[in-house]
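*Asks:* Residue numbers are given in the working numbering: position 358 of the first sequence equals residue 358, and the series is strictly consecutive.
Do not take every clue at face value.
Said to hold, decoys possible - Result set (SDA-like, lysine to any residue): computed pairs, CA atoms no more than 20 Å apart in a straight line:
hint	residue 1	residue 2
1	Lys213	Leu97
2	Lys369	Pro246
3	Lys213	Asp25
4	Lys345	Asp133
5	Lys276	Lys213
6	Lys62	Thr76
7	Lys39	Glu87
8	Lys411	Ala159
9	Lys345	Leu97
10	Lys137	Gly274
11	Lys411	Glu426
12	Lys63	Asp46
13	Lys371	Asp225
14	Lys369	Pro379
15	Lys378	Asp225
16	Lys345	Pro246
17	Lys411	Lys369
18	Lys378	Pro292
19	Lys213	Asp225
20	Lys80	Asp118
21	Lys380	Ile244
22	Lys39	Asp118
23	Lys411	Asp133
24	Lys276	Arg154
25	Lys43	Asp111
26	Lys215	Ala202
27	Lys39	Asn5
28	Lys43	Leu86
29	Lys43	Gln92
30	Lys84	Asp46
31	Lys147	Thr413
Stated by the list, open to error - Quick list of simulated restraints, FRET-style, between CB atoms:
hint	residue 1	residue 2	range
32	Glu188	Ala129	24 to 30 Å
33	Arg154	Ile244	47 to 53 Å
34	Ser373	Gly116	46 to 52 Å
35	Gly328	Glu243	22 to 28 Å
36	Glu29	Arg154	51 to 57 Å
37	Gly116	Ala417	34 to 40 Å
38	Pro57	Asp25	49 to 55 Å
39	Pro379	Gly66	51 to 57 Å
40	Ser373	Asp3	24 to 30 Å
By construction, these hints were calculated from the structure, which means they are not laboratory data.
Glycine included, every Cβ here is placed at the ideal spot set by N, Cα and C.
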Amino acid sequence: MLDVNLLTEDLEGVAARLATRTKADLGLEAIRDLNTRRKRLQKERDDLVHEARELGPQVAQKKKAGEDASALLARTQAIKERQKELEAEARQVEADLEARLLLLPNLPHPDAPVGGEDDFRIVREWGAAPTFDFTPKDHVALVEALKLAELGERATRLARSSFVVWTGAGARLTRGLINFFLDLHTTEHGYVEVSPPFLVNARTATGTGQLPKFKDELFTVTADDLYLVPTAEVPVTNLHQEEIIPGEQLPLAYCAYTPCFRREAGAAGKMTKGLKRLHQFDKVELVRFCRPEASDQEHQTLLGHAEACLQRLGLRYRVKELATGDTGNGAARCYDLEAWAPGSKEWLEVSSVSTFTDYQARRANIRFKDKPSAEHPKPKTTFVHTLNGSGLALPRVVVALLETYQRADGKVTVPEALRGHLGGLEALG
RNA sequence: GGAGAGGUGGCAGAGUGGUCGAUUGCGGCGGCUUGCUAAGCCGUUGAAGGUGUAUUAACGCCUUCCGGGGGUUCGAAUCCCCCCCUCUCCGCCA
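With the hints as constraints, model all of the structure from the sequences given.
*Replies:* Following this line, the structure appears as structure tokens:
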């Protein structure tokens, strides 16, 4: 959510920045006008209430003295009626204003490249492309040959298309990767592991920005008004919903494994075979809370932690900085990590590392405050900045891993870093 | 799911319907005292919105907030209704 005051003070500036990410009419003028109306209504109401409050004791005094208080009572009655009108109107204006503000995207970061999907910037590439003295298979062939997962009817029968059943070594590989990532982040990168609910309420889904705009993307448990999490970002960022965090505790760093449930409503036309796009997948997510002035640095730190996952696994990848028009609604700036899949010869997005500045903090009302000190006797309560990044999203890592480490004998070598999490297993197959 | 108890400021814990944003204690911050430490004493210490002075650091005033939402009343932390949550006991269950 944007600061409505910023929007009011510098409408043109805000409009210009938002225009770099969307051509849609965001109704900024209407928002400004609603805000002005809101203020006027409140002022009128407050002044009336103030008058009524002063009248109260006078009424009591007159009654006590046995005098006629009817003139005063008539006035308080009139005020009360007007007050009710004003409050009803203010409620409507506020609801309308809130609804509109919740739909606005975040301001893009000033350093982010301007443009659309194709205007990304490649920040760096890591690792060399693997070479093969045979024709490498794609992951679908490998998964089927090694019986790592059920990709077809069996999975579909249980739920619907685009679900998968991991089997045998495939299930174990999944579990091993989750543990590998969690262990890496908790023991070497200083994250606190959390295991949150996989269902969240509407307030929580609004806090991180999934609602109201992206309702179509969520699976909903209608009987209970709950939503399946599309990413651990949602429950973990909202851990501090409505809180004022002591300043000395920042930055906070959490990692969490959850399955992620996504309807992929917009992607129906481009359904891909195999493991690349699923309605349910496993992911380890990293979430950080920090002071506003630290968030750019924190973003780089977070990016490094996500990259470490791929480096340990020895997977070739590139870091892509998305252009303003391609970054997610709430993100100010976003890096995608793309792993190379040599069998299908394509880059696969396995992580998205974003800074949200105070956009989510405003929605979820997450603030911080320093202790008073001699220099700052009255510290201000301020919105934190939130950041998150995948570290990493599993199925596509599995794809890259299988295709990268496949051998002529049909087996797949397990990268050394992962063996400890697979009971010492050296190869699949 | 059933019965009972309870939700008040960072925490603990008061609060006959009328200056109660709220007694008090602890904690925090500042100061005094002190050879040092401890103790003691004094002061200060929530959030949101609005508005004025003013300017980037603030200050004054107004309104709102005692789990959430309604209601009664000139006036509600205090009375009434609904909901949520926590605790205890019972039931059910991995």
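*Asks:* Could you run down the list of hints and mark each one as holding or not?
*Replies:* For each hint, the structure was consulted:
1. Of the supplied pair hints, the one linking Lys213 and Leu97 holds, its CA atoms being roughly 15 Å apart against a limit of 20 Å.
2. Under the criterion of a C-alpha separation no larger than 20 Å, the hint pairing Lys369 with Pro246 is consistent with the structure, at around 5 Å.
3. Of the pairs offered as hints, the one joining Lys213 and Asp25 holds, with about 15 Å between alpha carbons and a cut-off of 20 Å not exceeded.
4. Restraint check for Lys345 and Asp133: satisfied, since their Cα atoms lie roughly 16 Å apart, inside the 20 Å limit.
5. Pair hint Lys276 plus Lys213 does not hold up; C-alpha atoms about 25 Å apart against a cutoff of 20 Å.
6. Proximity of Lys62 to Thr76 is assessed by CA-CA distance (about 14 Å); at most 20 Å being required, the pair is judged to hold.
7. In summary, the hint linking Lys39 to Glu87 is supported, as the alpha carbons are separated by about 12 Å, within the 20 Å threshold.
8. In summary, the hint linking Lys411 to Ala159 is not supported, as the alpha carbons are separated by about 30 Å, beyond the 20 Å threshold.
9. Note on Lys345 and Leu97: the hinted pairing is violated, with a Cα-Cα distance of about 48 Å set against a maximum of 20 Å.
10. Distance hint between Lys137 and Gly274 is fulfilled; the C-alpha atoms sit about 13 Å from each other, no more than 20 Å.
11. For the hint linking Lys411 to Glu426, the alpha-carbon distance of about 10 Å falls within 20 Å, and the restraint holds.
12. Straight-line distance between C-alpha atoms of Lys63 and Asp46 comes to about 26 Å, which puts the hinted pair past the 20 Å bound.
13. For the suggested pair Lys371 and Asp225, the alpha carbons sit about 39 Å apart, so the restraint of at most 20 Å is broken.
14. A distance of roughly 6 Å separates the Cα atoms of Lys369 and Pro379; the hinted pair therefore holds under the 20 Å criterion.
15. A threshold of 20 Å between alpha carbons decides the hint, and for Lys378 with Asp225 the separation of about 41 Å lies outside it, so the pair is violated.
16. Taking the CA atoms of Lys345 and Pro246, the gap is about 48 Å. The hint is violated against a cut of 20 Å.
17. At most 20 Å may separate the alpha-carbon atoms for a hinted pair to count; Lys411 and Lys369 exceed this at roughly 55 Å.
18. With a CA separation close to 18 Å, the supplied pair Lys378 and Pro292 stays within the 20 Å bound.
19. Restraint check: the Cα-Cα separation between Lys213 and Asp225 comes to about 17 Å, which is no more than 20 Å; the hinted pair holds.
20. For the suggested pair Lys80 and Asp118, the alpha carbons sit about 59 Å apart, so the restraint of at most 20 Å is broken.
21. Pair hint Lys380 plus Ile244 holds up; C-alpha atoms about 11 Å apart against a cutoff of 20 Å.
22. Straight-line distance between C-alpha atoms of Lys39 and Asp118 comes to about 43 Å, which puts the hinted pair past the 20 Å bound.
23. Taken as a hint, the Lys411 and Asp133 pair is honoured in the structure, with Cα atoms around 15 Å apart against an allowance of 20 Å.
24. For the hint linking Lys276 to Arg154, the alpha-carbon distance of about 18 Å falls within 20 Å, and the restraint holds.
25. For the proposed pair Lys43 and Asp111, the alpha carbon gap of about 40 Å is over 20 Å, so the pair is violated.
26. Proximity of Lys215 to Ala202 is assessed by CA-CA distance (about 10 Å); at most 20 Å being required, the pair is judged to hold.
27. Between Lys39 and Asn5 the CA atoms are separated by roughly 11 Å; this keeps the pair inside 20 Å, and the hint holds.
28. The hinted pair formed by Lys43 and Leu86 meets the criterion: a straight-line CA distance of about 10 Å does not exceed 20 Å.
29. Distance hint between Lys43 and Gln92 is fulfilled; the C-alpha atoms sit about 16 Å from each other, no more than 20 Å.
30. As the CA atoms of Lys84 and Asp46 are separated by approximately 12 Å, the hinted pair is consistent with the 20 Å bound.
31. For the suggested pair Lys147 and Thr413, the alpha carbons sit about 15 Å apart, so the restraint of at most 20 Å is met.
32. Taken as a hint, the range 24 to 30 Å holds for the pair Glu188 and Ala129, whose Cβ atoms sit roughly 27 Å apart.
33. Between Arg154 and Ile244 the beta carbons are some 50 Å apart, a value that agrees with the proposed interval 47 to 53 Å.
34. As the Cβ distance of Ser373 to Gly116 is approximately 47 Å, the hint placing it in 46 to 52 Å holds.
35. Checked against the given bound of 22 to 28 Å, the beta carbons of Gly328 and Glu243, roughly 24 Å apart, stay inside it.
36. Evaluation of the 51 to 57 Å hint for Glu29 and Arg154 yields a pass: the beta carbon distance comes to about 55 Å.
37. Distance hint check: the CB atoms of Gly116 and Ala417 are about 37 Å apart, consistent with the given range 34 to 40 Å.
38. Range check, Pro57 to Asp25: Cβ separation about 52 Å, and the 49 to 55 Å hint holds.
39. At roughly 53 Å, the beta carbons of Pro379 and Gly66 sit within the given window of 51 to 57 Å.
40. Range check, Ser373 to Asp3: about 27 Å between beta-carbon atoms, so the 24 to 30 Å window is met.
The structure shown violates the earlier hints numbered 5, 8, 9, 12, 13, 15, 16, 17, 20, 22 and 25.
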